[in-house]
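Residue numbers (the numbering used here), protein chains in the order written: chain A, 961 to 1188; chain B, 2 to 402.
These aren't lab readings, by the way, just hints derived from the structure by calculation. Glycine included, each C-beta is placed from N, C-alpha and C at the ideal position. There could be a bad hint or two in this list.
[Claimed, not checked] If you want a taste of the chain A side facing chain B, the calculated C-beta under 10 Å gives, among others:
| # | residue |
| --- | --- |
| 1 | Pro967 |
| 2 | Asp1022 |
| 3 | Trp1030 |
| 4 | Thr1034 |
| 5 | Glu1046 |
| 6 | Phe1047 |
| 7 | Leu1049 |
| 8 | Ile1052 |
| 9 | Ala1058 |
| 10 | Tyr1059 |
| 11 | Asn1060 |
| 12 | Leu1061 |
| 13 | Val1080 |
| 14 | Gly1081 |
[As the list claims (entries may be wrong)] Estimated spans, in silico, between C-beta atoms of each pair:
| # | chain 1 | residue 1 | chain 2 | residue 2 | range |
| --- | --- | --- | --- | --- | --- |
| 15 | B | Asn290 | A | His1180 | 33 to 39 Å |
| 16 | A | Gly1040 | B | Thr374 | 43 to 49 Å |
| 17 | A | His1180 | B | Arg17 | 46 to 52 Å |
| 18 | A | Tyr1059 | B | Ile21 | 22 to 28 Å |
| 19 | B | Ile21 | A | Asp1084 | 29 to 35 Å |
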Amino acid sequence: MSTSSQPLLRVDRVVKTYESTAGPVHAVQGVSLDLERGAFAALVGPSGCGKTTLLNAIGGLDRVTSGQIWIDGTEITALGDRETIEFRLHRIGFVFQAYNLVPVLNAWENVAFVMELQGVGVRDRRDRAFELLSSVGLAGKELQRPAQLSGGQQQRVAVARALASRPSLVLADEPTANLDSKSTETLLDIMHELNRQEGTTFLFSTHDQRVIDRAEQLVHLEDGRIVG
Amino acid sequence: MTAVRLAWRNLGRNRRRSLITGAAIAFALFFAVILRSLQLGVYNHMVATVVGSMSGYVQVSDTAYWPSQNLDYALYEAPEWLDELRADRDVASAYPRLQGFSLVTMGEQSGVAQWIGISPEEAAAPLWQARLASGSWTDAPGSVWLGKRLAEQLRAGVGDTVVAMGQGFQGSMAGASWVVAGTLNMGNPELEKRSAVVGLADAQEFAGAYGMWSYVQVTPRRTELSHDPTVELGAKHPLEGARFLGWQTRMPELIQAIQADSSGGKVILFILYVVIGFGLLGTMIMLANERQREFAMQLAMGMRRGLLAGIVFVEVLILSMAGALVGALLGRVAVLVLDRFPLRLQGDVAAAMEQQGWEPILPPSLDASITLTHAGIIVLIALLAAAWPLRTVFKTNPVQR
Ligand SMILES: Nc1ncnc2c1ncn2[C@@H]1O[C@H](COP(=O)(O)OP(=O)(O)OP(=O)(O)O)[C@@H](O)[C@H]1O
Ligand SMILES: [Mg+2]
C-alpha cells in the first residue's frame, strides 16, 4: 500500500483524553498533521501541551481516544496489541529523554538489542552496531557500559539503536533535555546527518530553542491543538 | 543475548544485594537441613533401637501371625525364597526365627522367658556378637544365652543348666534343658529380663515345630523414615500364605509418637520459611521498583512481556538455585560431620536414655531427600516472591514519564 506520493506519517483528527480522578484531561484535541518521507521535524510547545502524548500515540505506545494514524501506509491505530508491538519493533525507532539504555548491556549490545529481538544473526548485529556507533562518533566506545558514558554519549548510543532496525520513522521525545549545549549540537549534527544520508524521517519534541532552530519543519502545539 | 545472559548480568548489577539474598537462602536451607536431619535422625535412632534388631523393620510371617504372634501360625521353611530375598540389593539382611514363651527354671528360681531361636548366620552378625555380656557364642546344640537380668534372676552363670517348659507347636508339650553359654546386654531392661536366645534348630526341636519359622526378620538396605520398602519387597518376593509387615503397621503407637513430635519441628521450619519468604519479597519489590522504567523502555523497544518476565524469572531462579546449592552443600557437610561426631547428650536425659537401652546420642539422618525437599521448598518460595516483579512486568506500560 506504500506509495511515494503518500506522506510517511499521517495523523488525522487524533484525540487523546486521559481519565483521571480529577476528571477527564484533554491532552490532545483533534490534531491532524502530515510528515513527508525524510522530514526532520520538531513538535514544539509549552510544557503540558501534549507533545509526549502525541508522540506516544504515533509510536503505538498508547491508544488514541479517537482519530487515525498511518505510518508508511499502515493504519497503526487499527492494529491489535501484538501487531502494534511487531510494527514498533520493525518500523519505529525511539529515543527518550532518559533511561534509554539497558544498564547491563554495553554500547554495542544496546544497539544490537533491537536487532536481536528482530531475529538478526549475531555477526550481522555486531557489524551493524559497530558501524552505527562509529557513525554517531562513538568508535572505540563499543564495549563501555552506559554508566561509563556521558549523558550525551548515552543519547548518541540511543540514536544509533533507534536506527539499528532501519526504521521508517524515528521518534525522539526531548532527546536533548538532559544535555548541555555542546552535546546538544553534536547530537543534532549526528541526527541531521543520518537523516540526510539514510533518508530516515525524524520527529522530535522539544522546547529547546537550539533544537527548534535546527528543525526543518515545526509543528506548534498548544493545549493539545496545532496552532499557527 | 539470551534471557539467561541478561538474567546473569542483572544479578551482577547489584552484587552485594545478590550475595546477601543468596546467602539468606543458603543459610535458611543450611539451618533447615541440620534441624530436620537431627530430628529425623533421632527418630531413626529410636526406631533402630526399638525395632531394628529385635522385631525387625520388616517381618515376613503367616497372614494370621499378627497380632497374636501365636506359635501355631508358623511358616514352613522356604530356603530358596529366603536366598532370593537375601540376594535382593535392597535387602541388608534376612533372618528366620522361631519364637514363643516358656517358663525357665534353675533350681528354686524361675522366670518367664521369651525364647528366640536364631539362625547361626544371625548369631554371627556383629549385632549379636556385641551383645555378649559374658560367655561366648558356640555352635554346640543345647546352648542358651540369657538376657542379663534373667540370668541374675535365675542366679544362672555360664555353664549352668536351665530347664525350659511351655506349650509347643499345635498343643504339644515343649520341654528342654539348655546349658547357659553366655549372657546378653539387650540394650533394653525389659528385653534383658525376659530374653532367652537359642539356636534355631534347638528352638524347632523344643517346640516340636520342625522345619518351621515364626517369621523372617528383614532389614532393608535403607532404613530412613521416608522410605518404607515393605510393599515393594512383598511384591518382588511373594511367599504363599505369608505377608510382609513393616514396623509402621506393627507398631502404630511408635509412628504416631514420631509424627506428633515431628510436627513441632515442622512448625519451627514453617516460621523460618515465612521470615525468609518476607525477606525475599522485600528484595523483589525493591528490584521491581528499581527496574520499572527500564521495563517500560524495553517494552517500548518492542520486547515482548513474556521475554522480559522470563529474564526476571531466570534471574531469581539462578539466584535461588545458587543459594540453595551452597546451603545444601554446607548442610550436607554439617550432617556428615555430625554423623561422624554425633552430639552426645549429658546428664539426666542421657542417663534415662541409657536406662532404656538407647545410646544417648543425636545421630543425624543421612537421608538425602531431606536436603532435596527443603532445597525445593526454598527455591519455590523465592519463585513465589518473584511473582511481584513479574506482576510489575505485566503491569508496566511502555509509556515513559
Ligand atoms: N496518564 C495521564 N493521566 C492523566 N493526565 C495525563 C497523563 N499523561 C499526561 N497527562 C496530561 O496530559 C497533558 C499533556 O501531557 P504531555 O505529557 O503530553 O505534555 P508534554 O507536552 O509532553 O509536556 P512536557 O513538555 O512537560 O513534557 C498534561 O496536562 C498532562 O498533565
Ligand atoms: Mg513530555
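We went through each hint and held it up to the structure:
Taken as an interface hint, proline 967 of chain A does not check out: its beta carbon lies about 24 Å from the nearest beta carbon of chain B, beyond 10 Å. Checking aspartate 1022 of chain A against chain B: minimum C-beta separation of about 5 Å stays under 10 Å; hint holds. At a threshold of 10 Å, the smallest CB-CB gap from tryptophan 1030 of chain A to chain B is about 19 Å, leaving the interface hint violated. For threonine 1034 of chain A, the shortest C-beta to C-beta distance to chain B is roughly 15 Å, which exceeds 10 Å, and the interface hint is violated.
Look at glutamate 1046 of chain A: its Cβ gets to within about 7 Å of chain B, closer than 10 Å, so that hint holds up. Taking 10 Å as the C-beta cut-off, the interface hint given for phenylalanine 1047 of chain A holds, the closest approach to chain B being about 9 Å. For leucine 1049 of chain A, the interface hint holds, since its Cβ comes within 10 Å of a Cβ in chain B; the closest pair sits about 3 Å apart. Proximity of isoleucine 1052 of chain A to chain B holds as hinted, the smallest CB-CB distance being about 8 Å (cut-off 10 Å).
Interface hint status for alanine 1058 of chain A: upheld, as the beta-carbon distance to the closest one in chain B is roughly 8 Å, under 10 Å. The restraint placing tyrosine 1059 of chain A at the interface with chain B holds, with a minimum CB-CB distance near 4 Å, inside the 10 Å limit. The criterion of a C-beta within 10 Å of any C-beta in chain B is met by asparagine 1060 of chain A, whose closest approach is roughly 6 Å, and the hint holds. About 8 Å separates the beta-carbon of leucine 1061 of chain A from the nearest beta-carbon of chain B, less than 10 Å, and the hint is met.
Interface restraint check for valine 1080 of chain A: the shortest CB-CB distance to chain B comes to about 12 Å, outside 10 Å, so the restraint is violated. Taking 10 Å as the C-beta contact cut-off toward chain B, the hint placing glycine 1081 of chain A at the interface is violated, the least distance being around 13 Å. Between asparagine 290 of chain B and histidine 1180 of chain A the Cβ separation comes to about 37 Å, which falls inside the hinted range of 33 to 39 Å. Checking the proposed 43 to 49 Å range against glycine 1040 of chain A and threonine 374 of chain B shows it holds: the Cβ atoms sit about 45 Å from each other.
Take histidine 1180 of chain A and arginine 17 of chain B: their Cβ atoms lie about 50 Å apart, and the range 46 to 52 Å holds. The given range of 22 to 28 Å is respected by tyrosine 1059 of chain A and isoleucine 21 of chain B, whose C-beta atoms sit roughly 26 Å from each other. Judged by the Cβ atoms, the range 29 to 35 Å given for isoleucine 21 of chain B and aspartate 1084 of chain A is violated: they are separated by roughly 40 Å.
Hint check: violations occur at hints 1, 3, 4, 13, 14, 19; the rest are consistent with the structure.
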